[in-house]
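Undergrad: Residue-level listing of the chains:
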Amino acid sequence: MFSGLQNASRTTIAVLSIILAIVLFLCINLVATLTLGAVRIDATEGKLYSVSDDTRQVLEDLTDPIKLRLYLSTSLRDQNASIRAYSGRVIELLRTYQTLSGGQVDFELINPAPLSRDEEDAASFNLYAETTGLDPGYFGLVGTNTTDGIEVIPFLNVAQESALEYQLTRMVSRLSKRELRNIGIVDGLGIMTVNATQTRRWQIVDSLAEDFNVINVPLDFTVIPQGYDAIVVVHPFALAPSGLYALEQYVMRGGNLVVFLDPQAEKSLVSPTNPNALANPDSYLLPLTTAWGIEMQNDLVVADPSLAVPIIVGGQQGAQQRSVDYLPWISLNREIPGLFNPEDPVTAPLTAVMLESPGSLRPIPGATTTFTPLLTTTNTGGVISQAMAMARNPQQVLQNFVPSGAQVVAARITGPIRTAFPGGPPPLPEVPAGAEVTFLPPPELIRESVEDVNIIVIADTDLLHDSVIEGNVRYGPNNADFVTNAIESVTGGTTLTALRVRSPTIRTFDRLDAIEQAAMLAFEDDRQAKIAEFADATRQLQELAARSPIGQIATLPADQREQAAQLQERRFELNREIRDIEAAQRAEINAVESDLRIKNIVLVPVAVVLLGLIVAIWRRVRLANYLRRRAAAA
Amino acid sequence: MRVMLTIARREFVGYFITPLAYVFLVVFLVAAAVATFYFGRFLEDRQADLIPFFQFHPFLLLVLMPAVGMRLWTEERRSGSIELLMTLPVTTWQAVLGKFLAAWAFAGICLILTFPIVWTVNWLGSPDNGVIAAGYVGSFLMAGALIALTSCISALTKSQVIAFVISVVAGFILMVSGLALVLDLFTGWAPEYLVDLVASFSFYTHFNELTSGIIAGSSIVFFVSLIGLLLLINRQIIELKKAG
Chain A
41 MFSGLQNASR TTIAVLSIIL AIVLFLCINL VATLTLGAVR IDATEGKLYS
91 VSDDTRQVLE DLTDPIKLRL YLSTSLRDQN ASIRAYSGRV IELLRTYQTL
141 SGGQVDFELI NPAPLSRDEE DAASFNLYAE TTGLDPGYFG LVGTNTTDGI
191 EVIPFLNVAQ ESALEYQLTR MVSRLSKREL RNIGIVDGLG IMTVNATQTR
241 RWQIVDSLAE DFNVINVPLD FTVIPQGYDA IVVVHPFALA PSGLYALEQY
291 VMRGGNLVVF LDPQAEKSLV SPTNPNALAN PDSYLLPLTT AWGIEMQNDL
341 VVADPSLAVP IIVGGQQGAQ QRSVDYLPWI SLNREIPGLF NPEDPVTAPL
391 TAVMLESPGS LRPIPGATTT FTPLLTTTNT GGVISQAMAM ARNPQQVLQN
441 FVPSGAQVVA ARITGPIRTA FPGGPPPLPE VPAGAEVTFL PPPELIRESV
491 EDVNIIVIAD TDLLHDSVIE GNVRYGPNNA DFVTNAIESV TGGTTLTALR
541 VRSPTIRTFD RLDAIEQAAM LAFEDDRQAK IAEFADATRQ LQELAARSPI
591 GQIATLPADQ REQAAQLQER RFELNREIRD IEAAQRAEIN AVESDLRIKN
641 IVLVPVAVVL LGLIVAIWRR VRLANYLRRR AAAA
Chain B
12 MRVMLTIARR EFVGYFITPL AYVFLVVFLV AAAVATFYFG RFLEDRQADL
62 IPFFQFHPFL LLVLMPAVGM RLWTEERRSG SIELLMTLPV TTWQAVLGKF
112 LAAWAFAGIC LILTFPIVWT VNWLGSPDNG VIAAGYVGSF LMAGALIALT
162 SCISALTKSQ VIAFVISVVA GFILMVSGLA LVLDLFTGWA PEYLVDLVAS
212 FSFYTHFNEL TSGIIAGSSI VFFVSLIGLL LLINRQIIEL KKAG
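Chains as they are written, first to last, in our numbering: chain A, 41 to 674; chain B, 12 to 255.
Treat the hints as calculated values from the structure; they're not laboratory data.
Note that CB positions come from ideal geometry on N, CA and C, so glycine has one too.
Misleading hints may appear alongside valid ones.
Unchecked claim - Covered stretches of chain B, going by a simulated chain A footprint (3 or more residues, C-beta under 8 Å):
#: 1; segment: 21-30
#: 2; segment: 40-52
#: 3; segment: 166-179
#: 4; segment: 237-246
As the list claims (entries may be wrong) - If you want the footprint, here are the derived chain A segments under chain B, 3+ residues with CB under 8 Å:
#: 5; segment: 69-75
#: 6; segment: 284-297
Claimed, not checked - A few chain A positions that, by computed beta-carbon distances, are all more than 12 Å from chain B:
#: 7; residue: 51
#: 8; residue: 239
#: 9; residue: 280
#: 10; residue: 381
#: 11; residue: 382
#: 12; residue: 487
#: 13; residue: 605
#: 14; residue: 652
With these hints in hand, go ahead and build the complete structure from the sequences.
TA: Shown next, in the form of structure tokens:
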């Protein structure tokens, strides 16, 4: 009886202790979830998930209260595991902001229940409503300040997790700013134009408008008025001498300038007379650049096989569609050291910048200014003629390209400058008859800059285009960040520049890309010759068919039918040969890939099996020896 | 401590004197590599990271760790050696921990032997090795939790098959508890904090956080406390069986 009781009490104790342990486990995890949110090791190379010093600075500098309201529908959160996980991170980061701001940031979490006042508010802030179930689900952030400033993130996208800190800090930073700085854009490319063919301005302008007051400066200016914090000149192919003079004098007087030039502005307007040519492909800003001690090499376009972007070619005349590296389109990637100037705040934080047919910048010997490269190609870089870039034939470029060393495609110019107009202001433009235009008088000539200038020159305008900025996700478009950083840098602001691009580095299989490139070059001549022959045979066949009144080869005389049959046969052969060459081009990649598959799938398992066999044999031998010894002893 | 380590060593060596361990190793390594290269499109996507590798780990571990741990106590109970073990001068804790550590070390060997994929991705490009290391930490912790779960369940039954099946099902529930599938059972009637608590018990949520490169304190506490809880329950069950 006693042992029965003892057993019962032991069972009770065991069950109780299990229940207690479960309760303890729940408590520990509840406390851990609530208190250990910020305790974590950020194992990423770029410390993507840690609050940066810039964010801390922005939060510490806050002088007025800011309210951040996170609208998060629990229905949406509960339906989606990734949103649940991400929302936890957003809430945790917002709480961190609240703490770091010393109370200036007030964070509120709102569950906008359907048909509630909160939902009305969410809708009035234009938050994006995701409808996964019956009710709209919100996951957006609204920030307000005491002066009626409102900033909204309509939906916190899980895919942009690595940019979360940037989004939040930018919101806080904007709400803390009383006034945005003014930038004037001298737009020779049409990035701000809205007309019948271009229904909206380029996205880069929208992006800049988030950080600056963007003002369009008419191209016929004769003086830069007061009030601009910086002037951005884009593709200035047609500035009048009076405009150039006004620009120079603006800089001489301490004005800030960012210039986008281009030897081949691929996104500029097509010539009205020739649809295969550009109306105004290049811009050099002469004679100002000469006076500043810098030149963009005339009619030459930068190319670099190490940075080239693949484009799709073929699909015609029996050839397969395939991707070929187009050398003048280059993607500068952080993975390759030396492309971005690591010392300059404009380029130090960048991960990838894509350029199309940029120009090559270099200092003029004896210049009074200092030339600091910002973006540079690799040592395999070089230049091709503008005409070749215009033809846009990847094979031709590949075959004719000769590397000549690293090319600078963006640079900072600092130091004293002298005027390019020693003879005084050029005459004002002539006013067309009947037009009611009055030009402002030119500024008085200053021959030497009042202080050291600080100009950023970028030898590409295509990097501003929507398709280049967002078209190629694989290469991590950070062009917009580069442009904003450059403008912010000349106006004197540096906060947020490091934050701007804390997105994960795009990492690709460089080795496979290199192997593919080499294989492509090795067989390309032969393939091109076959394709040309194939096209020729096709043309001859078409000519033969044309001789028949009804376009049918079967109705032709016997000798011509024979010739057509031979041509057809030759076409089949060529088609097969082209495919063989393409297979040969793929052969090395295929070999490497299957080698890697074998090494990964088979190698270690085979070693494990061998080890197992060795252990089994060893144990058997040891057992046999033991039995033999025992038998001998007996 | 020394006794526990002796048990762990004995158990660990025990794995390698039967063909079973080699079969597990080969199955795990081949399955992990095949999933990475064929289902994960590792080479086709050309991204220098190990997402295609780690994304299959929860499912591989969910099946293979119960297979490793299912015999931890069932075998002892079936053959009656549990009585013998308990007559030895070892405490139940030492036995439970020793067996668990041996199985967890075996799981560690499984993960270590996937080194060719790390070499491959570094040969092909420049991956973020910090994120890869965090992914391995996540896999190792999840393997530990699944082994502790299996060890606990194996103490309840004499049948390895039953232990395996129940462990896989229980592991699956813990795996998906952060997903709508499970949360739907709670939303509507349970208070929000309870739903949050259930969601925070998802292996998957914690594992995903680790494989993205964040070694969060709450994730470590979750896995370690879960292992501790399961081993404690394991010990109590053995004690009860011993008493019974």
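Undergrad: Please go over all the hints and tell whether each is borne out by the structure.
TA: Comparing the hints with the structure gives:
no. : hint    : in the structure
1   : 21-30   : holds (count 3)
2   : 40-52   : holds (count 6)
3   : 166-179 : violated (count 0)
4   : 237-246 : holds (count 5)
5   : 69-75   : holds (count 4)
6   : 284-297 : violated (count 0)
7   : 51      : violated (6 Å)
8   : 239     : holds (35 Å)
9   : 280     : holds (50 Å)
10  : 381     : holds (20 Å)
11  : 382     : holds (17 Å)
12  : 487     : holds (51 Å)
13  : 605     : holds (41 Å)
14  : 652     : violated (4 Å)
Violated hints, in rising order: 3, 6, 7 and 14; the structure is consistent with all others.
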